[in-house]
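Heads up: the sequence shown is residues 2 to 287, going by the numbering used here.
None of these hints come from the bench; they were simulated from the model. Everything numeric in this text was worked out from a predicted model, so none of it was measured. Beta carbons are placed, not taken as given, at the ideal position from N, Cα and C, and that holds for glycine. Treat the hints with caution; some may be incorrect.
As the list claims (entries may be wrong) - What follows is a list of derived Cβ distance ranges for each label pair:
#1 Leu124 - Ala257: 27 to 35 angstroms
#2 Trp184 - Ala101: 26 to 34 angstroms
#3 Glu175 - Leu124: 23 to 31 angstroms
#4 Lys96 - Ala272: 49 to 57 angstroms
#5 Arg110 - Arg286: 24 to 32 angstroms
#6 Lys96 - Pro240: 33 to 41 angstroms
#7 Ile39 - Lys120: 20 to 28 angstroms
#8 Gly152 - Leu21: 32 to 40 angstroms
#9 Lys96 - Gly152: 14 to 22 angstroms
#10 Gly179 - Ala219: 26 to 34 angstroms
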Amino acid sequence: MTIHDPRLTPARADLAAQSLEGLVAAPRYAAGTPARVIEGLAPLRREPRPDAGLDTEALHGERLTVYDEDQEGWAWVQLARDGYVGYLPSHAILKGDAPAPTHRVAALRTFVFPGPSIKEPPLLWLSLGAEVAIRREVEIRGRVFGLTETGGAIVMQHLAPVGAVEADPVAVAERFLGTPYLWGGKSSLGIDCSGLVQTALAACGITAPRDSDMQEAALGTAIGLDPTAWRRGDLLFWPGHVALVRDGETMLHANAHTMSTAIEGLAAGLARIEAAGTPLRTVKRL
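With these hints in hand, go ahead and build the complete structure from the sequences.
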């Protein structure tokens, strides 16, 4: 991506990141303030209003840089994980340094309880890939809870150490089967095609850009378009869409055809999408 891709460039007509001074013209520059997401999920919108388009979502614990805030409760930010730029609700973030995350959510979703009891009303829910800092563990009647730095409690069986990686991104993506399709979504409540790929790869320790065109340009090595040569985990790219090869006969993708994350036959899916005017363009192997 070039520096001028607006999705990844913290620059607008009135302000730009200080790191871009001399590269992007702006009337003023800001160094930015570190922050993190403190809600379970935060929408990143292209404009500072609740009905603006959803470009992506930030999960609990994600680090970011805040360059500006307005009086209406919106912060103009850049996410640390994938560099995406946009507007987050100010109430969803906390500025300042924070303890380094120790664990990530490995279950499809989990709850943060106010204390080590599953009978207490949850404070919030977390989706797969969210990060937390666990300060200690306690065992209550055979169930182990991790206590967060803010006093919440999460069942440890839903967490994995941040350094632990999974071996199969397709198996991670399969946990999202049936999840509703949501343009810009990146959670177990709603997810889009590139959000699914990014989340599945992240669980396996592979950093991926956010959008399918970025992924097509940045990930893996191009291989041929002959399905007989594909193997599990290969990435299929169409203009504006990406899917994972599941096996010799099926692929897995979040798609607007079924409006869900679904398994679809390779032959049928390739033919259906080509008939809609977008034939397969690239296949990448990680």
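Verification of the supplied hints:
Between leucine 124 and alanine 257 the beta carbon distance is about 33 angstroms. The supplied range of 27 to 35 angstroms therefore holds. Checked against the hint of 26 to 34 angstroms, the pair tryptophan 184 and alanine 101 passes, with Cβ atoms roughly 32 angstroms apart. Range check, glutamate 175 to leucine 124: about 29 angstroms between beta-carbon atoms, so the 23 to 31 angstroms window is met. In this structure, lysine 96 and alanine 272 meet the distance hint of 49 to 57 angstroms, their C-beta atoms being roughly 51 angstroms apart.
Take arginine 110 and arginine 286: their Cβ atoms lie about 30 angstroms apart, and the range 24 to 32 angstroms holds. As the Cβ distance of lysine 96 to proline 240 is approximately 39 angstroms, the hint placing it in 33 to 41 angstroms holds. Take isoleucine 39 and lysine 120: their Cβ atoms lie about 24 angstroms apart, and the range 20 to 28 angstroms holds. As the Cβ distance of glycine 152 to leucine 21 is approximately 39 angstroms, the hint placing it in 32 to 40 angstroms holds.
As the Cβ distance of lysine 96 to glycine 152 is approximately 20 angstroms, the hint placing it in 14 to 22 angstroms holds. Between glycine 179 and alanine 219 the beta carbons are some 29 angstroms apart, a value that agrees with the proposed interval 26 to 34 angstroms.
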